[in-house]
Amino acid sequence: MSALIQKLEFYFQYPFVQYALIVGVLIALCSSLLGVTLVLKRFSLIGDGLSHVAFGAMAIASVLHLANDLLLVLPITILCAIVLLCAGQNTRICGDSAIAMLSVSTLAMGYLLMNLFASGPNLSGDVCSTLFGSTSILTLTSDEVALCAVLSLLIVILFILFYNKLFAVTFDENFAQATGLHVRRSNLLIAVVIATVIVLAMNLVGSLLVSALIVFPALSAMRLCKSFLSVTICSALLSVFCALTGILISILAGTPVGSTIVATDLGAFCIVYVIARLSGR
Amino acid sequence: MKRIFLLLALCFLTGCASAAVSDSSSAAPADSSSAVSSAESAHAVDYDLTVMSSDMVYATIYQMITEPEQYAGKTIRMQGLYYAAYAEQKFQYYHYCIVTDALACCAQGIEFVWDDGNHVYPDEYPRDNAPITVQGTFSAQKEETTGNWYCRLENASLNVNE
Numbered sequence: 001m002s003a004l005i006q007k008l009e010f011y012f013q014y015p016f017v018q019y020a021l022i023v024g025v026l027i028a029l030c031s032s033l034l035g036v037t038l039v040l041k042r043f044s045l046i047g048d049g050l051s052h053v054a055f056g057a058m059a060i061a062s063v064l065h066l067a068n069d070l071l072l073v074l075p076i077t078i079l080c081a082i083v084l085l086c087a088g089q090n091t092r093i094c095g096d097s098a099i100a101m102l103s104v105s106t107l108a109m110g111y112l113l114m115n116l117f118a119s120g121p122n123l124s125g126d127v128c129s130t131l132f133g134s135t136s137i138l139t140l141t142s143d144e145v146a147l148c149a150v151l152s153l154l155i156v157i158l159f160i161l162f163y164n165k166l167f168a169v170t171f172d173e174n175f176a177q178a179t180g181l182h183v184r185r186s187n188l189l190i191a192v193v194i195a196t197v198i199v200l201a202m203n204l205v206g207s208l209l210v211s212a213l214i215v216f217p218a219l220s221a222m223r224l225c226k227s228f229l230s231v232t233i234c235s236a237l238l239s240v241f242c243a244l245t246g247i248l249i250s251i252l253a254g255t256p257v258g259s260t261i262v263a264t265d266l267g268a269f270c271i272v273y274v275i276a277r278l279s280g281r
Numbered sequence: 282m283k284r285i286f287l288l289l290a291l292c293f294l295t296g297c298a299s300a301a302v303s304d305s306s307s308a309a310p311a312d313s314s315s316a317v318s319s320a321e322s323a324h325a326v327d328y329d330l331t332v333m334s335s336d337m338v339y340a341t342i343y344q345m346i347t348e349p350e351q352y353a354g355k356t357i358r359m360q361g362l363y364y365a366a367y368a369e370q371k372f373q374y375y376h377y378c379i380v381t382d383a384l385a386c387c388a389q390g391i392e393f394v395w396d397d398g399n400h401v402y403p404d405e406y407p408r409d410n411a412p413i414t415v416q417g418t419f420s421a422q423k424e425e426t427t428g429n430w431y432c433r434l435e436n437a438s439l440n441v442n443e
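Line by line, the protein sequences give chains S and B.
The opening position of the first sequence corresponds to residue 1 in this note's numbering, with each subsequent residue numbered one higher.
The opening position of the second sequence corresponds to residue 282 in this note's numbering, with each subsequent residue numbered one higher.
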């Protein structure tokens with residue numbers, strides 16, 4: 001045990017490990033806050049769809065040789081999130097069909113673009129790294145950490161400020177509208193925030209595994225708690241704990257960071273499920 | 282951008298792993314039972330990558346390539362796979378220690394110069410893909426025209442771990 005602690009102390013001396021832990025905690029926190037709303041609104045798979053959109057946008061940025069791909073990836077992902085969340089109910093192709101269509105189309109187009117205009121010799125490595133995260137979280141620069149911190153702070157502040165509106169929109173949009181709430185504006189806010197979270201989370205777990213960060217903590221928390229506030233707090237705590245544990249396990253054992261975090265989330269869900277069953281919840 | 286930079290760095294510093302294999306397919310197997318060389322450095326090791334997990338090794342080498350100034354002059358010890366690549370423009374072989382990430386989809390590595398660089402290839406070098414341990418002094422030079430960094434381990438010792 002002391003050897004393990006010594007090894008962790010040794011690893012913590014490296015700035016990139018500290019960056020990984022900071023960014024991991026921030027992303028886990030933000031994704032879990034929004035996760036509760038998305039799960040309750042039955043938009044669990046929107047994370048998957050938008051992360052594929054982000055992958056497609058990243059491919060375009062790569063083809064265009066953009067110095068900072070975030071400038072393109074973030075607006076495109078936000079735009080698609082708005083289309084899915086705000087216009088989804090009023091179009092002919094709606095709900096899960098729209099998510100599925102957008103998801104596979106952007107994934108396919110992204111891969112096609114990367115193949116046609118490959119920017120380097122290791123295309124498969126490039127794609128694999130984007131899809132599964134690999135060690136992206138351990139290769140962050142201080143600027144990227146700062147950007148992530150600012151965006152995360154902004155998301156938390158927005159969540160706290162608009163908590164009541166989010167609560168109303170999450171459970172009953174019609175009732176919220178009847179009480180004079182601007183439902184479309186609230187959905188727009190959710191769309192912008194969730195797109196930002198997903199673009200940030202791609203660094204942590206890769207685009208294929210983003211949904212896990214959104215869905216697992218919320219579902220686990222719903223097994224333990226009943227009110228919206230308690231579920232949100234429990235979800236945030238679980239998500240941060242699992243992200244930290246996953247990152248630490250992966251750097252100690254040399255396993256892929258993204259899949260280790262998701263495995264930790266799955267493990268936590270199973271434990272919580274058993275606890276809830278045993279306690280009769 | 283980071284990914285593009287990494288790939289560029291790989292092109293210049295290591296080449297991609299598969300390219301290195303094809304370039305050096307004529308490499309002869311070396312004596313695998315014992316240490317191939319040893320100008321064992323008397324310096325203390327500043328960064329011992331052999332005691333790190335694969336994630337940490339990959340991330341540390343990534344840092345070395347992206348921020349080479351910080352590691353210049355440091356003694357590095359690392360484990361990886363040996364590859365040789367032939368540079369047609371310079372009519373000479375370059376030797377690399379390659380590591381892969383945890384998913385094994387990305388590979389990166391560092392060129393090393395064994396002792397003073399007078400060892401004969403392929404007679405004295407290990408076969409391609411042989412697990413090796415290299416220890417040497419990290420050096421980084423920036424090419425003014427392209428702005429690319431060329432990093433390598435100089436005056437390195439080489440051991441085959443078979």
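Please keep in mind that the hints were generated in silico from the structure rather than gathered at the bench.
A few of these clues could be false.
Chain B stretches covered by chain S per the calculated footprint, using a threshold of three residues with CB under 8 Å from any CB of chain S [what the hints assert, rightly or not]: (1) 360-372; (2) 399-408.
Some chain S residues close to chain B (C-beta under 7 Å, calculated; not the full set) [stated by the list, open to error]: (3) PHE12; (4) GLN18; (5) ILE22; (6) SER97; (7) CYS128; (8) LEU138; (9) SER250; (10) GLY254.
Cβ atoms here follow ideal geometry from the backbone N, Cα and C, with glycine treated the same way.
So, going through the hints one by one against the coordinates:
no.	hint	result
1	360-372	violated (count 0)
2	399-408	violated (count 0)
3	PHE12	violated (11 Å)
4	GLN18	violated (12 Å)
5	ILE22	violated (15 Å)
6	SER97	violated (32 Å)
7	CYS128	holds (4 Å)
8	LEU138	holds (4 Å)
9	SER250	holds (6 Å)
10	GLY254	holds (3 Å)
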